[in-house]
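Asker: So the chains spell out like this:
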Amino acid sequence: MTDGSAPSRPRRRAVLGGLLGTGALALTGCSTGRQKARIREWNLFGGGDGARLQQIHQQYVEQHPDVRFEAHTLAWGPPFYTKLAMSAAGGRAPEVATLHLSRLKGFSPTTMLDPIPLDLLNEAGVSESDFLPEIWKRCHVDGVLYAVPLDQHPFVLYYNTEICAKAGLLAADGRLKPVTGVPAFLDMLKAVKETTGKFAASVETTNPWRMWWTLYGQLEGKFFDESGQRLILDDDKALEALSLMAKLSADGLTPRSANYAALVAQFSNGEAGLSFNGEWEVTTYQTAKLPFSMAPFPVLYDVPQFAGDAHTFVLPHQANRNRADTKATVEYIAWMLKNSTEWAVGGHIPAYQPVIKSKEYLSLKPQAEYRSVAPNVLFDPDAWFSGSGAQLQNEAGAAFSGVFSGQTTPKAALAQFKAATQKLLDTPSPV
Amino acid sequence: MRSTWTFPKVATAVGAAILGVIWLIPLLWALSTSLKPEPETTRSPITWLPEAPTADAYRSILEQGDLIRWFVNSSVVSVLVTVLTLLVSVLAAFGFSRTEFPGRRLIFGLVVAGILVPPQVLIVPLFQEMTGLGLVDTYWGIMLPQVVAPVMVFVLKKFFDGISRDYEDAARVDGASRWRIVWSVMVPMSRPILVAVGIFTFIGAWNNFLWPFIVTTDPSMMTIPVGLANVQGSYGLRYAQIMASALLGGLPLLIVYALFQRQVVRGVGDAGIKG
Amino acid sequence: MSVQMPSRQSWRERWAGLFFVGPFLLLFAVFLLWPTVSGLWNSFFNTSLAGVDQEFLGLQNWREMFADSAVWSSLKNTLIFTAMSTPPLVVIALVMALLANRTGVLGWLLRFAYFAPFVLPATVVTLIWVWIYEPGFGLVNGLLTAGGFAEIDWLNTENRAMLAVVITTVWWTVGFNFLLYLAALQGIPEQVYEAADIDGASERQKLFRITLPLLRRTTALIAVLQLVASLKIFDQIYLMTNGGPNYATRPIIQYIYQNGFTNYRIGYASAISYMFFAIIVVVAVLQFKLFSGSKEDSA
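Taken in sequence, the protein lines are chains A, B and C.
Sequential numbering from 1 applies to the first sequence in full-length UniProt numbering.
Sequential numbering from 1 applies to the second sequence in full-length UniProt numbering.
Sequential numbering from 1 applies to the third sequence in full-length UniProt numbering.
There could be a bad hint or two in this list.
[What the hints assert, rightly or not] Dumping the calculated EDC-like pairs for lysine to aspartate or glutamate here, alpha-carbon to alpha-carbon at most 20 Å: (1) B/LYS9 with C/GLU194; (2) B/LYS9 with C/ASP197; (3) B/LYS9 with C/GLU190; (4) A/LYS418 with C/ASP68; (5) A/LYS423 with C/GLU64; (6) A/LYS327 with A/GLU134; (7) A/LYS423 with C/ASP197; (8) A/LYS105 with C/GLU64.
If you are wondering where the hints come from, they were derived from the structure by calculation, not from laboratory data.
Predicted model only: the values in this text are computed from it and were never measured.
Working from the sequences, and respecting the hints, build out all of it.
Answerer: See below:
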């Protein structure tokens with residue numbers, strides 16, 4: 001009942017406005033008859049991120065009574081991206097959506113996204129100089145801006161401060177003593193395992209892409225050649241990374257099989273004193289009143305590289321995009337960037353540099369502890385089938401999860417992954 | 001003889017009861033989980049009953065409001081699909097059974113061949129068609145493909161063929177048009193089978209996952225089965241909430257079934273024997 | 001049927017029939033015939049969901065399909081699911097019907113318990129069962145560890161995941177077959193058993209000599225309906241394992257969905273759809289042959 005009456009009022013207004021302003025709307029596309037701009041936002045944030053985004057959106061709605069704002073969260077990964085693509089193909093896409101920067105090229109921006117109007121963005125007080133140049137460049141396809149970055153989110157190390165204190169791993173300032181190199185890393189894990197009596201670290205064995213990509217990146221491994229058409233994976237380096245993963249589970253330092261929910265649960269209930277994951281579960285553990293902190297993932301090999309991605313805002317393609325709604329949408333994006341300290345509380349490193357330099361952000365603990373890794377975030381390989389939650393990650397998950405569970409050897413897993421990647425390369429690109 | 005408790009009878013009853021309990025355990029376990037405070041859901045070893053039962057999970061689900069919206073969508077879609085399917089199919093079955101027109105046999109043959117086309121293989125071209133027609137994320141887009149039920153036309157036509165023509169001849173003598181004959185003769189005479197197929201059309205439409213899943217992208221247009229699928233993928237540990245939303249999502253049809261069990265049971269029998 | 005057609009027909013009379021079948025035919029043409037044809041058409045193009053310009057490919061999609069190992073492995077998974085799920089769905093339904101037939105007071109409750117899962121949407125069923133299979137704190141593993149056994153991560157272990165899906169499917173859909181059997185059982189005239197009682201037949205003899213033979217046709221019907229239904233598996237697997245682990249449970253419909261929508265390859269997905277369509281038609285024709293034969297047997 002409440003459901004039927006609430007949306008009907010604005011809709012009546014919209015219809016009226018449509019009748020009055022048809023001519024003007026058709027010609028100039030401006031909002032003569034409409035009283036309220038409409039923004040529908042789709043995102044893929046569940047868990048702690050989702051809860052935080054809801055709070056931020058509440059503030060946004062309170063400060064913008066002149067906007068009809070409606071946010072929807074769809075299941076992360078393929079379900080979200082498939083739905084977003086289908087809605088863009090169907091012409092009834094929402095005004096704005098979140099998109100992983102690594103997915104931008106594969107999302108066929110020229111047909112399924114609308115360009116971000118730079119003039120409107122500048123009017124809203126956001127410009128190129130507010131971002132790291134590398135990220136800003138990545139938001140363009142063929143010289144056109146299609147995305148505005150909100151954050152960066154690297155793979156990091158969570159540690160339970162009580163367990164690690166007991167294991168003697170904390171320095172005098174209460175921070176985890178930094179370790180580098182595999183032997184030191186293993187020693188640390190063994191010490192934690194002895195303390196928990198169960199695992200050292202919780203990992204998502206069903207989708208170990210981020211871990212493998214981090215390790216492989218630290219070995220300076222390459223994926224595609226310059227043309228992006230040829231796979232030039234370094235077998236030795238790839239196997240080194242996989243063997244380390246196999247060793248971790250074989251020695252009982254990590255579980256043999258754990259999905260994402262289990263990763264969170266095992267760190268929450270103290271079965272694991274460490275957790276290897278993206279930095280977005282801060283809210284979850286804080287809500288659970290867990291004594292924990294965070295640090296950059298250790299540099300185990302040659303160079304500091306940390307698998308990660310960036311969340312951006314995009315304008316999905318609409319058959320009839322309304323200029324007034326678009327203006328309000330760009331203003332919403334700018335508002336979200338300027339208020340991204342709140343978002344950073346959830347763990348992400350803001351992309352908007354004025355926030356990064358703010359006192360508020362710098363005083364966040366543990367969120368500011370790993371901000372140094374931002375320039376070393378390693379994006380997924382560049383291909384239409386690659387990026388967060390895309391086919392390449394799924395293939396890696398399918399092939400590599402057996403390495404943790406002991407069902408496959410690193411060699412067989414790598415062979416399977418390479419074959420799957422080659423198959424994807426051979427598939428005619430649909431975008 | 002009938003009322004004595006022989007060993008086979010007792011054994012049968014006990015076996016039946018055990019199987020019944022096994023079949024109910026998943027639902028009871030879900031109910032128990034939904035009444036636990038969140039931290040208790042992930043405790044190990046497991047607790048059978050909530051130590052401190054709470055309706056918090058239900059409260060937060062209902063406060064979010066999505067479930068209510070999906071419930072409205074599901075109700076609108078299922079009721080209209082059922083009504084439209086019955087209407088369109090009854091008329092078509094009557095047309096094929098009682099009227100002559102050029103190409104009738106050929107067209108009926110085509111309809112019967114249509115039974116062979118599984119809806120699953122049409123999802124891709126049908127979605128494309130819907131984008132062309134602008135019906136993605138609309139009630140019509142969800143409903144119309146479900147209304148096309150050649151198997152129902154086939155079953156009803158066979159049933160109508162079996163109804164003696166004496167009844168309609170009598171009605172015709174009284175001056176009834178064909179239109180009147182459909183509603184005053186055929187429909188009343190086939191009430192049981194219409195109720196049966198109606199109930200199953202309703203259950204099928206309510207529970208249909210694949211097509212609404214394809215044709216709705218906007219969460220506010222989703223039906224219960226599709227909307228709930230979004231809850232599942234979200235990260236985080238909210239098992240009490242997930243179980244609460246699952247149970248609430250399943251509740252409407254459980255109630256319908258509990259109330260109309262007799263008709264449903266007979267309906268399956270009829271459908272089975274006819275099919 | 002058309003015996004008593006009057007030879008003299010007015011124009012109105014001749015076309016009145018189309019008025020009755022018209023609405024159905026219109027919907028049939030638009031939402032069944034047209035997509036069936038356009039699907040075939042698309043299978044010869046590189047049609048993309050992303051809306052980039054399409055080109056004629058000839059048989060390229062079809063050639064790619066026959067060489068695509070994922071097509072065959074997902075087809076194999078579909079068949080494995082069918083082979084694993086059909087027997088228990090028939091046998092357990094029969095056992096349930098035999099147990100619940102003539103149980104008096106218990107009857108309503110039993111019919112409720114056995115059939116209730118069937119009225120639940122796939123999503124509700126899978127939400128509950130994913131939770132039941134959850135490692136660490138799910139019901140099944142809770143019982144296993146309480147009994148001193150090792151935990152099994154049902155949905156993430158290659159040779160367990162399909163079994164887990166089958167168990168869920170049996171729990172969910174067996175109720176329908178149960179009701180079909182129950183109706184058949186209740187259709188057996190009481191006199192048959194009374195006559196057997198007079199002959200002093202034991203319960204066992206009645207079961208094997210009377211009941212089961214009389215259910216033969218019902219069993220054939222259920223088995224075939226089940227077979228076709230199982231081949232179309234998608235919902236549970238998509239929702240429970242998403243085709244994993246390592247694609248060990250991915251059915252053919254999901255592969256179509258992934259190609260068409262997740263990877264935007266409408267043309268290629270159409271080609272696979274058509275191959276699957278052909279398989280369904282073959283099974284359905286066999287089913288039809290079987291039944292037009294067995295009907296004469298029982299008559």
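Asker: So, against the hints stated earlier in the document, which numbers end up violated here?
Answerer: Violated hints: 6, 7, 8; rest satisfied.
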